[in-house]
Structure formats: C-alpha cells, structure tokens
Amino acid sequence: MPKIRTLEDLKKIKESTMDLTGARSQGKTRIIIGMGTCGIAAGARVVMEAVMAELAKRGLKDVSVETTGCIGMCQDEPLLDVIHAGEPRVTYGKVAPEDVPRIISEHVVNGRVVNDKVIGRTD
Amino acid sequence: MGLYRSHVLVCGGTGCVSSGSQAVLDALKKGLADKGLDKEILVVATGCHGMCEMGPIVVVYPEGTFYCRVTAADVPELVEEHLFKGRIVDRLIYKGEGTVADVPHYTDIPFYKKQHRIALRNCGYINPENIDEYIARDGYVALVKAVTEMTPDDVIETVKESGLRGRGGGGFPTGLKWSFCARSAGDKKYVICNADEGDPGAFMDRSLLEGDPHAIVEGMLLGAYAMGASEGYVYCRAEYPLAIRRLKRTIEQATEYGFLGDNILGTDFSFHLHIKEGAGAFVCGEETALMASIEGQRGMPRPRPPFPANKGLWGKPTNINNVETWANVASIIRNGGAWYAALGTEKSKGTKVFALTGKVNHTGLVEVPMGTTIREIVFEIGGGILNGKKFKAVQIGGPSGGCLTEEHLDIPISYESLSQVGAIMGSGGLVVMDEDNCMVDVAKFFLEFTQAESCGKCPPCREGTKKMLDILGRIVAGKGTPEDLDSLQYLGTMIKETSLCGLGQTAPNPVLTTLRYFRDEYEAHINEKRCPAGACVELARYVIDAKKCIGCTKCAKVCPVGAISGTVKQPHVIDQDKCIKCGACAEACPVKAIDRR
Amino acid sequence: MQGIDLTINGKKVVAEPGMTILQAARKAGIHIPTLCEHPALPVAGACRVCLVEVEKNPKLLTACSSPVAPGMVIHTHSPRVLEARKAVVELILIRHPLDCFSCPSNGKCELQEVAYELGIRDSSFKEEGDTCNSYALEDANPFYVRDMNKCILCGRCIRACDSLARYHAIDFQNRGIKAMVQPPVGRDLEHSDCTFCGQCVQLCPVGALSEKASAGQGRPWELESVKSTCSYCGVGCELNIQVNRKTGRIANVTTDYQSPTGINEGRCCVKGRFAWQYVHSEDRLTRPLIKENGSFREAGWAEALSVIAGRMNAIKEDFGSDAVGFFSSARCTNEENFLLQRLSREVMGTNNVDHCAHL
Amino acid sequence: MKGLGETFGSGAMTNDFKSIKEADVLFVVGSNTTETHPVIGSWIKERKADGAKLIVCDPRKIELAKYADVYIRHNSGSDVALVNGMMHVILRDNLHNAAFIDERVENFEALRKVVEEYTPEKTSEITGVPAELIEAAARTYAAGPNSAIFYTMGITQHQSGTDNVRSLANLALLCGMLGRPGTGVNPLRGQNNVQGACDMGALPNVFTGYQKVENADVRSRMSGLWKCGELPAAPGLTLVKMMEAAGTGDLKCLYIMGENPMVTDPDTNHVRHALENLEFLVVQDIFLTETAQLADVVLPAACWAEKEGTYTNTTRTVQRVRKAVEAPGEARSDWEILTDLANRLGAAWEFKSASEVFDAIAACTPSYAGMSHERLDEGPLSWPCPAVDHPGTPNLHVGRFSRPNGKATFVPCEWKEPHEWPDEEFPFLATTGRILYHYHSGSMSRRSAPGEFVRELFIEINPKDAEALHVEEDAMIRVTSRRGSVSGKAKITDRVPPKMVFLPFHFAEAGANVLTAAVIDPDSETPAYKINAVKVETA
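Those protein sequences? They're chains A, B, C and D, same order as listed.
Numbered according to the working numbering, the first sequence spans residues 1 to 123.
Numbered according to the working numbering, the second sequence spans residues 124 to 720.
Numbered according to the working numbering, the third sequence spans residues 721 to 1079.
Numbered according to the working numbering, the fourth sequence spans residues 1080 to 1618.
No lab work stands behind these hints, which were simulated from the structure alone.
Every residue, glycine too, gets a C-beta built ideally from N, C-alpha and C.
Don't take each hint at face value.
What the hints assert, rightly or not - Taking lysine-lysine pairs in the DSBU-like style, the calculated list, with each CA pair at most 35 Å apart, reads:
| id | chain 1 | residue 1 | chain 2 | residue 2 |
| --- | --- | --- | --- | --- |
| 1 | B | K311 | D | K1145 |
| 2 | D | K1127 | B | K439 |
| 3 | B | K715 | B | K602 |
| 4 | B | K162 | A | K3 |
| 5 | A | K94 | B | K208 |
| 6 | B | K692 | B | K680 |
| 7 | B | K704 | C | K846 |
| 8 | C | K806 | B | K619 |
| 9 | B | K434 | C | K779 |
| 10 | B | K512 | B | K677 |
| 11 | D | K1320 | C | K1036 |
| 12 | D | K1127 | B | K311 |
| 13 | A | K14 | B | K237 |
| 14 | B | K283 | A | K11 |
Claimed, not checked - Facing chain C, a subset of chain D residues (Cβ under 10 Å, in silico):
| id | residue |
| --- | --- |
| 15 | E1142 |
| 16 | L1333 |
| 17 | L1367 |
| 18 | T1389 |
| 19 | T1391 |
| 20 | E1409 |
Please build the complete structure, drawing on both the sequences and the hints.
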C-alpha cells in the first residue's frame, strides 16, 4: 500500500470504497424491486441482478437498490419502481432484464421516464 | 469488488458482543451464503449504536431498518423475509414506547431523532477495523488539509473558533490549552489521549474507541501537528480489551497509510503513537496522575502549576485531552470552527455525549447539542421513567457531579448552567433516579466510591471524605443529629477548597447538592428517623393494614423474632421494637396487607 | 537575571526567577508552615498546609509548589487561608494519636509545631474511635521502628528513599483511608530493597519512624550536636553526633542536608547513621594491659609505657633498628599516622612502617 | 596506587564527587559501589536516572548491574584482557582522542602494538564475554563526551592488580578522559583514612606527601624540621614482608596501632604463627581484638567519637574529626599515647593538641602546607593545597600531569594467568570482600546495630552449584583452599556465577582470610584476595 500524500490519494480510496458506505444512506435515486413470492416467480431476482450489474458497469454510487414485498399488482410482475428524490414514484411493470439498461440510462441517469413500460405513478 | 445492494450492520460493541452479536454475525454470513445472497448483501460489524440495552442490534440498509434484541435463531427468518423477499420482520423491529404505526427508519426512532451526532457520527455506521470505511466518511481529510494547507496556528485558531471545550469534565477551552502547549518551548512534546474512563456507568470513551478509533487518532494527529508534538500516548484502561485491540489495529493501518510515523504525508511532520494500558485507578483520570502512571510511578496527582503544558510527561510540554474531545477535532477542522460553533449555547459550543442510565426506559449513549434540556434527554430521548414511576432527580457528571431535581429539568445543559446549580458536566454521566431512590443513600453511594478511589495523597480528600462518609452512615442508620448537617456542609466546603486535585475538589458535590435540594430528606432521617423513599433498611417500618388483614396468622408464623401478635381472624400488629425488618411477613401475607414504609 | 517583584502580606519582595512562593517567602523572612515539604526532597504539594491566597487566583495555591510570577499579590495568613489551613491540620489530626508525651518525636515533631502555631488542641472532627490503631508496631530490625498509626502520609520517606537513597524500597499502597506507606505488597521491610540508611527516619516529620537505639537517650532539646566525619568507608560523610550531656552518651547520629561543608550533601548509609553503639560497648579497653605468663593484668600508663620503651630499646640495641616494625592504621587520624611514622623513622630509626592500604 | 602514580604521576582519585554529576558515561569496574561506598552508589544511580550511560564490569551480578546499559560478567582475573580488548576496538574504529594523546601522553605506539593482539574474539575467549558486549562497552566509553572510571579492590586485589590499574589508566588516556569534571580514573578507597595514612607516610618508602626516603635532600629537610638526627635511607619492609620477616624471626618487635591483621590479612594461620613468633608485640586499639590477644602489652585508645583530628577521604579531601564524648576509663587518644611513648624513647615532642600535630604535618608536607585545623573548621580542603590562601584542588591533572615533564605515559600491559586457578582438586573460585552492613574486621560494626542484622558469615553460591551439591538455603557449607578452611551458611543467589563463591571477610570467628594466599602483587604488594581456588562441601 503506497503511503498517502494528498487529498487526491484520499479521494481515490473514497471512490473505491463509496459503495461500502454509499449503500448505507438511501441514495438520491431509489430503485425498488418487488420481491414477493409472485415477483420472484416472475423473475424479479434476474431483473435485480441485471440492475446491480448495470449500476456496477456505470459506476453509479448514489443509487440505492431496495426490495419490497408484494404490492398487489401481481399480474404485472416483475415490478420495478424508480424514485428520484422529490419526484413522483414511477412504477414499471413486466420488466425484463434486457429492459434494465434502458430504464437506468434513460430514467435513473437522465431523468427521462421510459413511458412504454410505465404502469403507474404515485406521489 | 462488486456492488452491494444492501448492507447489514451488526453491532460489535462490547455491550452487544456480550449479548451475543457475534453469533448473529456468523449466522447472517452463513444464511446469506446459503441463499446465494452474499454477493449482493454485505454484512458489517460496527461499533456501538448507543442503545445498548436493546442489543444485539442489527440495522439493514439502504432501508435503515432497525432490528433489536436479535438472536441467532431469528437470523433465518431475517434473511428469508427481509433480505431475500424485502419484507420487514415486524416482531424484531424496534418499538419505542407503545406501538409504532409504520416501520421507522433508524434515524426516525425518538432515541436517535433528537440526537446530533458529531463525535459519534461513525459509531455503528462503519466497520471500525477498516480504515477505508473511515476514509469513505471523509476520514483523514482534515489531517491532509491541515498538514498540506494550514499552519499549526491556523489549526489552533480553528479549534479556538469552534469553541470546543474539554469534554473530560473540566471544560477548559481546548484551543487555548493547545496554544499554551504550542507556545511552551521544548525539544520534545507529547500529546496524550485520556481514555481512563472511570466513572461508574460511563462508557462513552469506550464506545468511541471501539466504534471510531481512527477519529481519535486523526484528532491527536491534528493536535500534535498544531502543538509540535512528535510522540503521543493513548492511556486506556486495561479493562477495555476490545478498544485496545481496535486501537492497535488502527495504529497499524494508519502507519501503513503513512498517517503515523516519520515524515507524514511526505512532510517533516512526524508523530508516533503508543498505547499505555492503565490499571484502571479512578484517580488516573486526573491528568497529572495519568502522566505519573505513564512514567511508571504510582498514579498520584501533583499540584499545578506547573501545568503539563510547561512541565508534563517526563518534564516535557504535554497536552492531554480526553477521548471525546479528540473525537471532535477532525470534524471541526474539516467543516470549520464556525460550523461547530453554530451548535450549542453562547459559552458551551457543539455537542456532548452523555451516558444515560438509571430509571429510564432507554438507557444508552446520547449525543446532543449543548443547550438541550435535561427534560428532553430524560423524557424524549430516554423515553421517560421506568414503569411510569415519578421522576425525582438526576445525578449529572459522574460520582463527583451533583444531584439535580425536577426544577432543573428545563435548564439548557452547559458548563456554566450546571456549575451554577452545583453540578458539573463531568465526563457526561447521567443517572436518572425516581421516587424509590433515597437521596441521602445516593449521596452516600457516590461518596463511598470517591473515598475508596482517593489516592490518599492529600488529607482533605483522604480523611475528609471518610469523615463525611461516617456521618452519612450515621444518618441513614437513623443515628444522625441536626449538627451533622452543619458538619457535612463545612467538611464539604473545606474539602473543595483545600484538596489537591479535581477528584477531591469535586468529591463533596453529591452531598452538597443533595443537602441543598433534598435537605428535607436528610431531616426526615435525622428528626423522624424515617426514610421518605423507604430505601434505608435500618429505617424501614413494616406495618399491617388492619383493613386488609384477614388474620390468617401466616405472618406471625414466619416472623423469626416473634414480633407479630394477634388472634386468628383478627388483624395482627407488629411490635416495632422487636421487628428486625427482615420482610418475611410481607412475603408471607396472602393479601398484601403488610407494607414497608 | 533580574528579580521578580511580588507582594507578600503587603510587603514588597523580590524573588529570583524559578523560585517557588515558599522560597520567596523564606528569603524575605516570612514564615509559611509546611509538613510534606523538605528542601532536600522533590516537591509533593501533598499536605496542603502551606496553602496561600494569591489575588486573582480563584483557588488557594500550595506555596511549596507554585512558581512565583511577576506582580503576584500573596497572602499567607489571610482569614481564608487560616481557616483552610486549620481545617487541613484538624483533618490530619482526626486519626493521628496524641500520645505526644511518650512519642520519640516529642519536641521535634513538625505536626506538633504546626498545630501549636495554629492554636489547635485537638481535631474538632475527631470522634470516638477515630484515633488510628490498625497498624502493628514494626520493630523487627535493629535500626528503626515503624509506627504507621502515626504516619500522616506526607510521603517524605518515600521521596527520601527514591531521590536520596535511590532504592525506592517503599511507596504508597492501597487507596482511600487505607492508603499507607509500605514496602512492596507481601514483603516486610527486612526483605525489601531497604538498606536501612535511615534517611527516611531523619526526614519523617512525626513519630512514625524512629531510631531504635535512641529510645530514651534524650529529648531533642537536650542534645548537643557535634559535627564530625564518618569513620567507615572512604567517602567521608559529614555526620552530626548528637550527644546527651546529662549521660555523656551519644543519643543518635544525624546528617545535615543543608550543610555548606558536607561533601555528602546530607546523604549517608546504614553504618554512618546506625553503627555507633560500639563507642559505648562494654568491651572497650579502659586500662593498659600487660601479659604475664600467658594472661593479661591491668596496669597504669606509666608502667605500661616504660615496659614498652624498655623492651623496644633493648631489641634495637641487640638486633638493630630494622628488627622493629610498625603497623599504622587507615582508620586512625592523619595526626596519629604522622606521629607513628615519625616514631618509626625518627625515634626507632627504621622505615619498617606500613598500614593496610590495600586490604 | 602505584599504577596511577607511574602513569599520571599521582596515585589518588583524580576527580571529586561533584564531578560524578557531570559524567555522561560511568564505567564501574571491580567495585560493588552501592555496598562499599553507598553514598557514591546513590550518586551513580542518580546520574544514571538523569540520563548518563552506565557500564558495569564485575563477575558478581552486583546491584548496579541492574541499572547498567552494558553489564559485563567477565572471568575473574581477566580485567587486563578486557580493557585491552576495549582499547583494541577503540583504536580499530578510530574512537581515540588523538589530539589529547599528541599533546599530553607518551609511549602511544607501544600501547598500540600491545592491544593489536586483543581482538574482540581473542578477548572474548579470555574473558568469557561475548564480543559484542566488549564492542558496546568500548564504543559507549569512548563516546563520552565525559566518561569516568570507578574501581575498588576488585581491580587492585589481584596478583596483576597494578597492571589492572595501568590498563584503566591507559584507557582513560586513550580517550582523553582526564583533567575535566565528569572524567577521571577514580579508585574508591575502602577505608575512611587510607588516603590519609598514605599521605602521612605510613608507607615503607616515603615520608609525608610521598617524599621518597631515598632522597637525601628530603631526609635532611625532614630531620631539620623534626629537630632529629640522621633518618634511615633504605626503604623499609611492607606489611606483608614484615609478616614474613616475623615468621622467619628476622623481625623481633612489632608495634600495631589500630589494626587487626589476624582478621584482615591474608593466610590467617601464617599471621598467627608470625605474631606468636615475635619477641615483643604491642597493640594499641579500642578493643581486645584477635590480634591484641596475642600482644605483650595492650594500650587502650580513644575511638572516633572521642578525639580531635582529621581524615583524608578518597577524593583527597581533608576533613575534621571532633571529640563528642569522653573516652572510657583511662583510654587516651593515639596521638597522646604516641607522644608520651616517643618522649620515653628519647624524643622531645611537645605536642599539646591534635591541632599542633597537624601544623607539624603542614610544615613538612607541601600538599598540606596551606591547611590547618582552623581552616578545616571552615570546611573541607582537597590537596594539593600548598598555601594558606590556596582553595585546594578538587580535580587533578587539569592541563598538566604531575610527572616531571607534565605529560602522562601509557604503560601497556599483557594479560597474565592468575597465580592460582581452579583445578580438579579445588574446582571453585572463592572471592572475598565487604558487605554493606559491616566494615573491615567488624570490631566496630559488629558491636553496633548492624551486628544484630547480619550476625554471621554467609557464603554466596550459585543455584546451579547449590543444586549439584544438594545444598539448601542457610545450610552450612565448608569452603577449603590449599591454606585452610572455613564454614558458613549458604546464601543461594545468582549474584555469583557458577563455580564461584563469595565470602565477606568481616567475621573473625569464621575468617575468610583463612583461605587467602599471601601471594601479592609484586608492584603494589597488595594481596590477591579476589582469586582463590577452593573446594566447596556441605559441612
């Protein structure tokens, strides 16, 4: 381990460690995946893995991935909600792993809702 | 390393470890691995969360769900339900007083909501054995900033501006203290961290050392840089093995990163840090005694002046601060003095950590801004008095602090306000007492402690506290005289006036404050031979309630001295002269007709 | 170095830099009572008797430990000081036995002096059964007696052992009211590092430590001090032989830590302080002895000396000067050695004179 | 003190006590200082505590060893080799003080040649000391800046005693550790006035102030001052030689003042024979000592507390002794007795007081010329003090040595095997010495409090040997040499190395000197007390 010399050195460590502690504060953006029995049956876990992979690929640190139980729209599982701080909660339905990159790049990163997948908004 | 969607924090503080958090930790790791979740969920052992009587504590992020009293047996459910399916396990979540509508986030819990954590900011939040997590929380930014961008004087000025004062109890302005040591000439200087936490029931230092040791080290580094010290000691009680282990680990890591050792950050600033395990004598918390102990002599105070800033450890200029003080320094340098000074009262800035114990619903570590009232701490954070009993007093500032009453509940806590009413900030002990506590007995309890811990060097503390103890012993035994109160008052005043060190100068406080605020209780003991709280055994009286008594004679049968008389089916009576207050009758009575007064 | 101006009890005083308030006061002839302080020892500030009031200073300060600062205004006998000082001494007196009548230190006891000075007869805090009697008398060794019931824990003995004798044989043990000066736990003095130089005994301000051989040999005020030089090893410590003129006997031997002439700076060892009883030994020779057929008989000086003169002259006549030899002594004085070698060379005409220089 | 005499020109301790406080390195060799000179011991410990370095060399693990930075437990009798080894290292690493040597010392090359041989390896072989310790000691001593040497009988009481002293002197000269406070070669004299007795000429070859009897001018000046006839020119016999002469009958009469050779001299059995062989023996003492019992006439003398006079201590400091109490019975001060006797033998001495005697000393002794009881009453004076206005001389050899040309000289020495060495028959090495609680023959200390504290002879023996011999603590053991045998209680301690026993010599009834040989150092005629081959058995 090279000795630390500057704030830059510190920042590097901080970056590489961010996810260690970043996951401990609800991020600016929250992605919530329905993990009820129904959801899991419909492939929610595969979707979540896709989400994790995509976030890792893009090095997004400030996004928290949460799970929740069945929210009662089982027919549309897997469900994936995106919440930008201060914006209404957007719920996507019948999400497939291949939809994930799009949702993340469009909505999570650029704030453009992917309308064709939306099944609901709530405040 | 991959990204984790969720972190499960398991408290690794001494409190929780003793209540089995290690087993929970292991079970969690295994459970997650079995479910194949170990790639996406990270389990972290953290320092103390403060709410120790609720341990073992587990917090699940990002939701921040706060589970308490978790056992290994609960883990499978926790994994299956929450971590896998995202369903909160209701029965394990923390419920404040009564029920809670929806699951509160960690920080929404009343115990935490009222708190403002600076010293404790990382406790329970990071893995204290991983320097990277500390750095992720902006650790060592202050050090780098100071060493590369600030002059030693800048650092001292910032600390002065922050208004930080010694958290060990004295409350001496830290920046000023530093400037003395910085100004005093010497080829070699020392900084010392006083971690000889001796107050009964106090554990803030321990929690800080266990929960965020790097913050202490960074604080000392900043002090060393500011004062030109090249060597430091952490004087820690040997009774804190976990804290010592983590400190050693911390020193290793900091040395590896080049924060400790020679030419720190490539500059000519060098600092070497040692750990000195103390035998845990109370008086070694006194800075001159502490230094004597580090020098290998018996821990005994010496008069000041000369002050450590001029003639300290091995005669060299030395600066001693306690753990909590050091823990605040890095944040102050990082965020600026004004930021810290924005909190607190006019003369007492920032926050203070208290160890809340006694007859409250939630005991534990509490960090609040100066100026918070005792009422807020006891009733909002502490959740009020146990079993709805009546609040009577709080002993604030440790064994040599003072007992405050109902009427003081709303004074904003500050060094000044407390000393005005005869108490002290001390290291932050807060013992809550209810109607069942006899204040004479309480005063006696604390004095017994200070007398037993008196180093014996100076007569006032050695002989005087003993004499006061004799008198208190008489009073609780119902043998006191009215003159005794004057003697207590006089002795107390003289001991404060003439004792060598802080221990002796404050030892009489519990007696003097109870004399001041609960004189009636003393007088009841003396004049009526009665203990209003019914706590003093020698003064207890067992009385049979004639209305309730059914004359079953059970009491008369169990009385070992035949003090109870009465005919069958008729109310019985206790001969107070014979009664030895063993309480057997009260236990035997089927209708609870006998009560103790 | 320019002086530091102070005011003590309204009197202008000039002190030297580095002085303590006590030193400055003494220099100015102002008396401040003390107990744990001794010029030969490091400062302790333990007994609190020398507390003084320094204006602008909220707390009373111990004069023995507080350095002087320019412009200090000091009161050594203000009402506040006197009350505090009185309280401290009365606190010390709670447990201290008042059997001064039989105490070996009566007359040199510093606690006695301080109490007398403050007009204290007995401690107003003292109650039935307070007088300390929990320590058994320790007199296992032939040198000195320890009566810890009388100890006031001033710590002088500890500092003496530490900084003068350099053995650290004793220290405070236990805490609170049980605190006491003892050798290391589990060992008695005779099996500690103590070498019985007795410096602690001399420096004890009360009767807790006293010399065994001096018991009953005379009260302090009866003794006359004769300055001399130790007759044991080659260091040549200056000693003060305390003589009781009533009995014509030595009562004890002390040292002077302030002596301008003592090369030992007041230090000494067990022999210098305690090995003097031989002077009054029953075995001392008191008359010349002449051996007649195998056994000695007492004789007068004239007879003894003339016998010697006769025999020595005869041997010189018969066998020559070098048949005679002289052993001088490294324990006798210079004067005696000088005369013996003159006797040998000048009177008997031989250089056969030597002494045990090498033994 | 011959070793120092020839190298520096003066045989006394070079520095005073204050000087200890200025030493940066204290080199204590062959001196159990804390027991034989307790007050000096306390100063050495104090100095060490204040940061000075301490080197201790002693086969016995004496108390000071506990505090030593370098403790060297070398074989008895290997001192010369040890010091030569140190000098080898110092020269090899160029740590010597060349400037000082050029300016003030002669015979450097000879020294260099001799110590060349003593490589750490070879030295280690002879001394039994690890080479790195020898190197450490050498470097520490040479580093100074001010290094002081202290030694006692552990150095002198060997057959090679004078060589031992010479070697130490060489070492000090090599590093220029002389003539400054905090330096010096300091023999700590064992007895209160041994320095004075030598100064006063109680030696066979010199008058007062070391003025040689061979020197005619000196003799004539003396006889002038003493108003007497011709003084004898030929040096007399030393103590040990006188004892021999008495044994052979050549010496007929012996006058002993305040000595107890029956206890303090080597080979007690021979001493008894010699004294009994005398025609006439006079003993002048305060007790009827073992020696006095053999006398024809015994004269009762006043003791220390009963007379006026002066002692000269180990730092050449002259101090007053004063009368505190009356002598018992008819006992008289030695000076009175001697004056009386001298006059009966035909002299015409008119001394009325010790003070007058001292004036006579000053008159014939240049180094004491400026002293008098009056002056000494003001305070001590160190010689040389040549004039009444001279302040005395605490430190010798400042700027100039006392040899005629003002320079000192190296006197290189080779290590020689001791006179006697453990063998099959006598496998142990016995060494004798003093203990804290007693003094010399014990006639004074044993009649005082210490006598009750340490009542009888004890013999220090190493735990290993004790085990081998099945000896328990306090069991009686017998130590036997070629000359005699003595028994005492075993004191089991690792203060002594295996195969060594230590015996204090203060106990007449069990006199350690029964064991010792009258073998003496040819130069100083000091008995070799420190090495005796013995066997040890349970008694």
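Holds or violated: are the alpha carbons of K1320/D and K1036/C at most 35 Å from each other?
19 Å, holds
Next pair to validate is K14/A with K237/B; report whether the Cα-Cα distance is within 35 Å.
With Cα atoms ~29 Å apart, K14/A and K237/B stay inside 35 Å; holds.
When you check the alpha-carbon spacing of K1127/D and K439/B, does it fall within 35 Å?
Roughly 19 Å between the alpha carbons, so the hint for K1127/D and K439/B holds.
T1389/D was flagged as interface toward chain C. Is the shortest Cβ-Cβ separation under 10 Å?
5 Å, holds
Holds or violated: K434/B to K779/C, with C-alpha atoms at most 35 Å apart
Between K434/B and K779/C the Cα gap is close to 20 Å, so the pair holds against 35 Å.
Close enough to count: is the Cβ of E1142/D nearer than 10 Å to one in chain C?
9 Å, holds
Taking only the CA atoms, is the gap from K94/A to K208/B under or equal to 35 Å?
18 Å, holds
Pair hint K162/B and K3/A, alpha-carbon separation not exceeding 35 Å
30 Å, holds
Agreement of K283/B and K11/A with the hint, judged by alpha carbon distance not exceeding 35 Å
28 Å, holds
Per-residue hint verdict: E1409/D, partner chain C, C-beta under 10 Å:
5 Å, holds
Restraint status (C-alpha distance of K692/B to K680/B at most 35 Å)
At roughly 14 Å apart (the allowed maximum being 35 Å), K680/B and K692/B satisfy the hint.
Taken at face value, is the distance from the CA of K846/C to the CA of K704/B at most 35 Å?
32 Å, holds
The structure meets every hint from the earlier list without exception.
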